[in-house]
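Chain A is fixed; fit chain B onto it per the hints.
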Amino acid sequence: MAQREVVVGSRIGLHARPAALFVKAATEQPVRITIRKGDGPPVDARSILRVLALGARNGDTVVLEAEGEGADEALDAVATVVVEDHDDPA
Amino acid sequence: MSVSGSGAAVNTLTSPIVGIGVCPGRAAGPVARMGPRPRLPEDHPAVADAEAELVAAVGALNLTAEDLERRAAAAAMPGAAEVLEATAMIARDPSLEEAIRSAISKGDSAAWAVDRAMDAFRAMLLDLGGYMADRVSDLDDVRDRTVARLLGLPMPGIPERGEPFVLVADDLAPSDTVTLTTERVLALVTVKGGPTSHTAILARSLGLPAVVACLAAAGLTEGEVVTVDGSTGEIGIDVSAEEAAETNRAEAARRAARGASHGPGRTADGHPVALLLNIGDAAGAGKVAKVEAEGVGLFRTEFLYLDRQDAPSVDEQTTLYTAVFEAMAGRKIVVRTLDAGADKPLPFLNQEGEPNPALGIRGLRIARGAPEVLTDQLEAIARARRATGAVVWVMAPMVATAAEARGFTELAHARGLPIAGVMIEIPAAALRAADLLEHTDFLSIGTNDLAQYTLAADRMAGELADLLDPWQPALLELIRITAHAGAAAGKSVGVCGEAAASPTLAPVLVGLGITSLSMAATAVADVRDALAAVTLAECREMAADALRGLGR
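Chain order of the listed sequences is A and B. First residue of the first sequence: 1, per the numbering used here; consecutive thereafter. First residue of the second sequence: 1001, per the numbering used here; consecutive thereafter.
Next comes chain B alone, as it looks inside the complex:
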């Protein structure tokens, strides 16, 4: 959450320092670092006046609550106000005061008493697990702000500045980012994290230039002016005022020119490439028309299943799918069946204790032990399709073999879903894509997992970020094999991983034979422009270079 206070001398850095660019765009501005979490000093002061300590602790909690309420009132992002208000409610919790009073009576002074009181509730929520445990980060936020106030330390979290800044952090957690707006933040730079980290996903949803996995960024100092290039991953230091102004001017011009192309995605010579959205709920479906996307290439259905003791009923699912399908207004939507397991275990599937969850029971494999979860979901999708008349395709995640592809496709067809395909996330499936296509209607490549399994590098391991780079030739080769199999069979092969959102990689994917790209709504305009600037022949040349590790 914070840059480790290494105190590395800035002078030892030479410009540019380099990380991995995860969201294109350039920006220049002063560095503001994430405030570190306050730590209690080793020496615990003795309590002279218990009543005064209590007044101080409660006063600090109230100030934290007021601060959160003020930020809630000013919050711009949808949902942010609610999150902040709920956090303020914790700071105002009457039970905390009791717990603090009890801690002080045992000899704690204010900051220690707050810490101890919070710890007890923290343990309680963690015990409950699941969704409840998610609130622990809110609790920690209140704890950190209040303790910092009591100890006279800088406020943790996203800094407050009079001018927009380049946010430099060790890594960003979801709780850090609810108040992050493009008015205040020019660019994101993290020391850790990889191309699929939370920071990267957030940056793309906001359209902020972002560089992750930049170890040298730990040495950047507060207030120092830097340039950030979210395509190349370069961070320029020792930047003059003119240089900074020129960078921002050029970026503003680029953004103004953005969206110059309209309508369906196509190359300069008219080769069509469907531009689709990745969505997770009905709100996402509403964005399709706004960004002129041709539909939804990946509808993640996991949200229906989170925090459930039992699987949702067919009726309940049907209602939700119907709402999403209606929002599509006639455009195509590709629904991915439940992709639980690994990092997203569900209580009713009993997935505790897998020694290696990423290689365990996840995606379509869940149907081996709990077939009704899949058949119920397909039934609900089919009913919602009939009710709305929407253009609905379904696809299964984590398919390894042609037999699995066939099983899923037959199951979907039998339920009245005419178009059923599978995701290519496992190298085995990519290598045998032609076999899979004998039994299924289309393929969609999930580049995040395909990279993870091809390069044997955990998606969450920031220090392996270079291996998860979607430009890895081995990954591109598997994409090529899959796309060629699709072309031979006359069936569609899309990409719905993070790679599809990159304006520099999109032409390469098209050159490899990909027929549709599915991405976050904010990426569509840039990708459409990038494709409109090149011919199909140029895409193929770029693809040939990229397969040889060149041309990035």
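Chain A on its own, in the form it takes in the complex:
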């Protein structure tokens, strides 16, 4: 099981545009990725509703996990999206 611990870089948390970009990136990966916050249960990273429901805010640490061939590359790709701050603070 490949794993990445990353800190949410978006000013408004994993919400609105950052959440949509994250789910889009996860959907494009060949392996299934899960995301969890703290001790919470891992949820499907392709599910915008579950990702929003994490309530992950700026500075929170989230754990990304995936298994199988290409898992590492896939995690790197989505981890980048979590770390970046792509907000307009609109």
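No lab work stands behind these hints, which were simulated from the structure alone. The structure displayed is predicted, hence computed values, not measured ones. Yeah, the Cβ is synthetic: ideal placement off N, Cα and C, and Gly gets one too. Do not rely on the hints blindly, as some may be mistaken.
[To be verified] Counterexamples of contact, computed for chain A against chain B with all Cβ distances above 10 Å: (1) Ala-25; (2) Gln-29; (3) Arg-36; (4) Asp-39; (5) Asp-44; (6) Gly-55; (7) Val-63; (8) Glu-65; (9) Gly-68; (10) Asp-72; (11) Thr-80; (12) Glu-84.
[Said to hold, decoys possible] Okay, the calculated beta carbon distance ranges per label pair: (13) A:Glu-69 - B:Pro-1357: 52 to 62 Å; (14) A:Gly-38 - B:Glu-1066: 33 to 43 Å; (15) A:Glu-67 - B:Glu-1066: 23 to 33 Å; (16) B:Glu-1097 - A:Asp-39: 22 to 32 Å; (17) A:Gly-59 - B:Gly-1263: 46 to 56 Å; (18) A:Gly-38 - B:Gly-1162: 46 to 56 Å; (19) A:Gly-40 - B:Gly-1360: 30 to 40 Å; (20) B:Pro-1357 - A:Gly-38: 25 to 35 Å; (21) A:Gly-59 - B:Gly-1549: 49 to 59 Å; (22) B:Gly-1330 - A:Gly-38: 27 to 37 Å; (23) A:Glu-67 - B:Gly-1107: 28 to 38 Å.
[Stated by the list, open to error] Straight-line C-alpha distance at most 25 Å; calculated SDA-like pairs for lysine to any residue: (24) A:Lys-24 - B:Ala-1120; (25) B:Lys-1332 - B:Gly-1490; (26) A:Lys-24 - B:Glu-1066; (27) B:Lys-1287 - B:Thr-1388; (28) A:Lys-24 - B:Ala-1081; (29) A:Lys-24 - B:Asp-1140; (30) A:Lys-24 - B:Asn-1062; (31) A:Lys-37 - B:Leu-1128; (32) B:Lys-1332 - B:His-1262; (33) A:Lys-37 - B:Ala-1120; (34) B:Lys-1106 - B:Asp-1043; (35) A:Lys-24 - B:Ala-1073; (36) A:Lys-24 - B:Ala-1123; (37) A:Lys-37 - A:Thr-27; (38) A:Lys-37 - B:Ala-1099; (39) B:Lys-1491 - B:Ala-1403; (40) A:Lys-24 - B:Ser-1137.
Showing chain B alone in chain A's frame:
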């Protein structure tokens, strides 16, 4: 969101029906009503074939997603495509399919299963509160579209028509309006809402003629041709084709002639009136030059604080203010310090549970319990001012007394902000404007709140819209008192509420002694033209009439 299906007989309406005009301009065209939210019938059909129900539900969700994606691709308004794409993503959410499957296995048929699955996620987002809860309206949009499809009901939301139409709705929510464009919609008419409702603000930003609080509009029928006058609030019915064509021709001519006047705002005889913009971010600042405004009369800073567990740092604020100030390119900008509280509570200020938030800890009053929020903000504004050399004025919202005005002004001066003023939103402050001006550099009247507090009518209460009318003589009297105090002290007194955006009211405000008007970018051309058409003496006559309740 939708016109209540009262089925009121159209024939009982006599022309014109009247509401409150909130955005000037005229238009004629067929009525298209907001599609109502689909409701599940009382009788819940039994499930014969669970697999077929699942296929139907998922198929309907996919069609909803495709429809949203198509609209995203066609969206014209900035940001609209993103909102629609994010909503489509909800319709394609794999977790929904699981939840629907589970609901069907418990005996729900497709539409009910979609409804139940959505409800669970809805509750989850609502629990998170704040910004997350805002997505509930997107969820509801997906739910409504999908359920309507499954039950064979008309699509909710803004209707699709082959020709432009007059949109008639119960009221409009922000989520209803992202795809609203002036190509498709000729005018807005709502049964509810008031002069400061979301509909009114949207109409002004688009420059669409709009009438709100028109109860009789509930009786208008689909396809019926009407004329809408966004100044008088009149909606003409039983309109002939010639009449409709003539209305649109005259309006096109008016729009073509609009912007005939240029440069700084002034009356026909040359009395200067600064025309300024109300903005909420750096994008707004970019519009100042485009509409030939002389600067920004109200920079709302709330956007910096929304969805925050903690107040933003001085550095973070400095960066954002610097971006906005740079966009001003030498023009004046009036920054309003944080106006939270009441309808805009912030988590880090602990404002839960005020029995009467509009009369509670809001605006400058926040500094009583959390002075660092204000001092940090002033520090950041001062740093950004030094970094850019911009012409920056600051002002505090919700000031009631001369002592408060003095406290804020001294604080701002001490931080290196040379021009500090206060807003006049509370009748007490208007009545003692002369006292306030002994201690502060300028005044800016927020007519929306001043009307609310003077007439004791909640800004959000649509049925009290007549009391919130900026033509109320009591409100105009308080404006007069404030403006006169400014003239006596030789200090500037502006208006930055919705009243400043009205071409009919602007000359009255000038006649009362107001020296600057701050408004949405779309209103500037009309207000400049309106002022250029009258002399200062005429403005004063109009003001005298308006104070007696005449001359509207």
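Consistency of the hints with the structure:
Every CB of chain B is more than 10 Å from the CB of A:Ala-25 (nearest about 12 Å), matching its label as outside the interface. Annotated as non-interface, A:Gln-29 keeps its C-beta farther than 10 Å from every C-beta of chain B; the closest such distance is 14 Å. At roughly 15 Å, the least C-beta separation between A:Arg-36 and chain B is larger than 10 Å, which holds for a residue marked as non-interface. With 10 Å as the threshold on Cβ separation, the claim that A:Asp-39 sits away from chain B holds: the shortest Cβ distance comes to roughly 17 Å.
For A:Asp-44, the condition that its CB be more than 10 Å from all CB atoms of chain B is violated, with the nearest at approximately 6 Å. The claim that A:Gly-55 is not at the interface with chain B is violated, since a C-beta of that chain comes within 10 Å of its own (minimum 5 Å). With 10 Å as the threshold on Cβ separation, the claim that A:Val-63 sits away from chain B holds: the shortest Cβ distance comes to roughly 19 Å. Against the 10 Å criterion, A:Glu-65 stays outside the reach of chain B, whose nearest CB is about 17 Å from its own CB.
Chain B leaves A:Gly-68 outside its interface by the beta-carbon criterion, the shortest separation being 18 Å against a cut-off of 10 Å. No Cβ of chain B comes within 10 Å of the Cβ of A:Asp-72; the nearest lies about 23 Å off, and the non-interface call holds. With 10 Å as the threshold on Cβ separation, the claim that A:Thr-80 sits away from chain B holds: the shortest Cβ distance comes to roughly 19 Å. With a cut of 10 Å on Cβ distances, A:Glu-84 stays outside the contact zone with chain B, its closest approach being about 16 Å.
One distance hint, 52 to 62 Å for the beta-carbon pair A:Glu-69 and B:Pro-1357, holds here, with the actual separation near 56 Å. Hint check: A:Gly-38 to B:Glu-1066, Cβ distance near 37 Å, so the stated range 33 to 43 Å holds. Between A:Glu-67 and B:Glu-1066 the beta carbons are some 32 Å apart, a value that agrees with the proposed interval 23 to 33 Å. Between B:Glu-1097 and A:Asp-39 the beta carbon distance is about 27 Å. The supplied range of 22 to 32 Å therefore holds.
The hinted range of 46 to 56 Å is satisfied by A:Gly-59 and B:Gly-1263, whose Cβ atoms lie roughly 49 Å apart. Between A:Gly-38 and B:Gly-1162 the Cβ separation comes to about 53 Å, which falls inside the hinted range of 46 to 56 Å. Distance hint for A:Gly-40 and B:Gly-1360: a CB-CB separation of about 35 Å, consistent with the stated range 30 to 40 Å. Between B:Pro-1357 and A:Gly-38 the C-beta distance comes to about 33 Å, which sits within the given range of 25 to 35 Å.
For A:Gly-59 paired with B:Gly-1549, a C-beta distance near 56 Å keeps the hint of 49 to 59 Å intact. About 49 Å separates the C-beta atoms of B:Gly-1330 and A:Gly-38, a value inconsistent with the hinted range of 27 to 37 Å. For the pair A:Glu-67 and B:Gly-1107, the supplied restraint of 28 to 38 Å holds, since their beta-carbon distance comes to about 36 Å. Between A:Lys-24 and B:Ala-1120 the CA atoms are separated by roughly 23 Å; this keeps the pair inside 25 Å, and the hint holds.
Proximity of B:Lys-1332 to B:Gly-1490 is assessed by CA-CA distance (about 19 Å); at most 25 Å being required, the pair is judged to hold. Restraint check: the Cα-Cα separation between A:Lys-24 and B:Glu-1066 comes to about 16 Å, which is no more than 25 Å; the hinted pair holds. A hinted pair counts as satisfied when its Cα atoms are at most 25 Å apart, and B:Lys-1287 with B:Thr-1388 qualifies at roughly 19 Å. Of the pairs offered as hints, the one joining A:Lys-24 and B:Ala-1081 holds, with about 15 Å between alpha carbons and a cut-off of 25 Å not exceeded.
Restraint check for A:Lys-24 and B:Asp-1140: the C-alpha separation of about 21 Å stays at or below 25 Å, so the hint holds. In summary, the hint linking A:Lys-24 to B:Asn-1062 is supported, as the alpha carbons are separated by about 16 Å, within the 25 Å threshold. Our distance criterion of 25 Å between C-alpha atoms is met by A:Lys-37 and B:Leu-1128, whose separation comes to about 14 Å. The straight-line distance between the Cα atoms of B:Lys-1332 and B:His-1262 is roughly 19 Å, inside the 25 Å bound, and the hint therefore holds.
Note on A:Lys-37 and B:Ala-1120: the hinted pairing holds, with a Cα-Cα distance of about 20 Å set against a maximum of 25 Å. Of the supplied pair hints, the one linking B:Lys-1106 and B:Asp-1043 holds, its CA atoms being roughly 16 Å apart against a limit of 25 Å. Between A:Lys-24 and B:Ala-1073, the direct Cα distance comes to roughly 17 Å. Compliance with the 25 Å bound is thereby established for this hinted pair. With a C-alpha separation of about 24 Å, the suggested pairing of A:Lys-24 with B:Ala-1123 holds against the 25 Å cut-off.
The suggested pairing of A:Lys-37 with A:Thr-27 holds, with an alpha-carbon distance near 19 Å, which does not exceed 25 Å. Between the alpha carbons of A:Lys-37 and B:Ala-1099 the distance comes to roughly 22 Å, so the proposed pair stays at or under 25 Å and holds. Annotation: proposed proximity of B:Lys-1491 to B:Ala-1403 holds, straight-line Cα distance about 18 Å (limit 25 Å). Taken as a hint, the A:Lys-24 and B:Ser-1137 pair is honoured in the structure, with Cα atoms around 21 Å apart against an allowance of 25 Å.
Violation of the numbered hints given earlier is confined to hints 5, 6 and 22; the remaining hints are satisfied by the structure.
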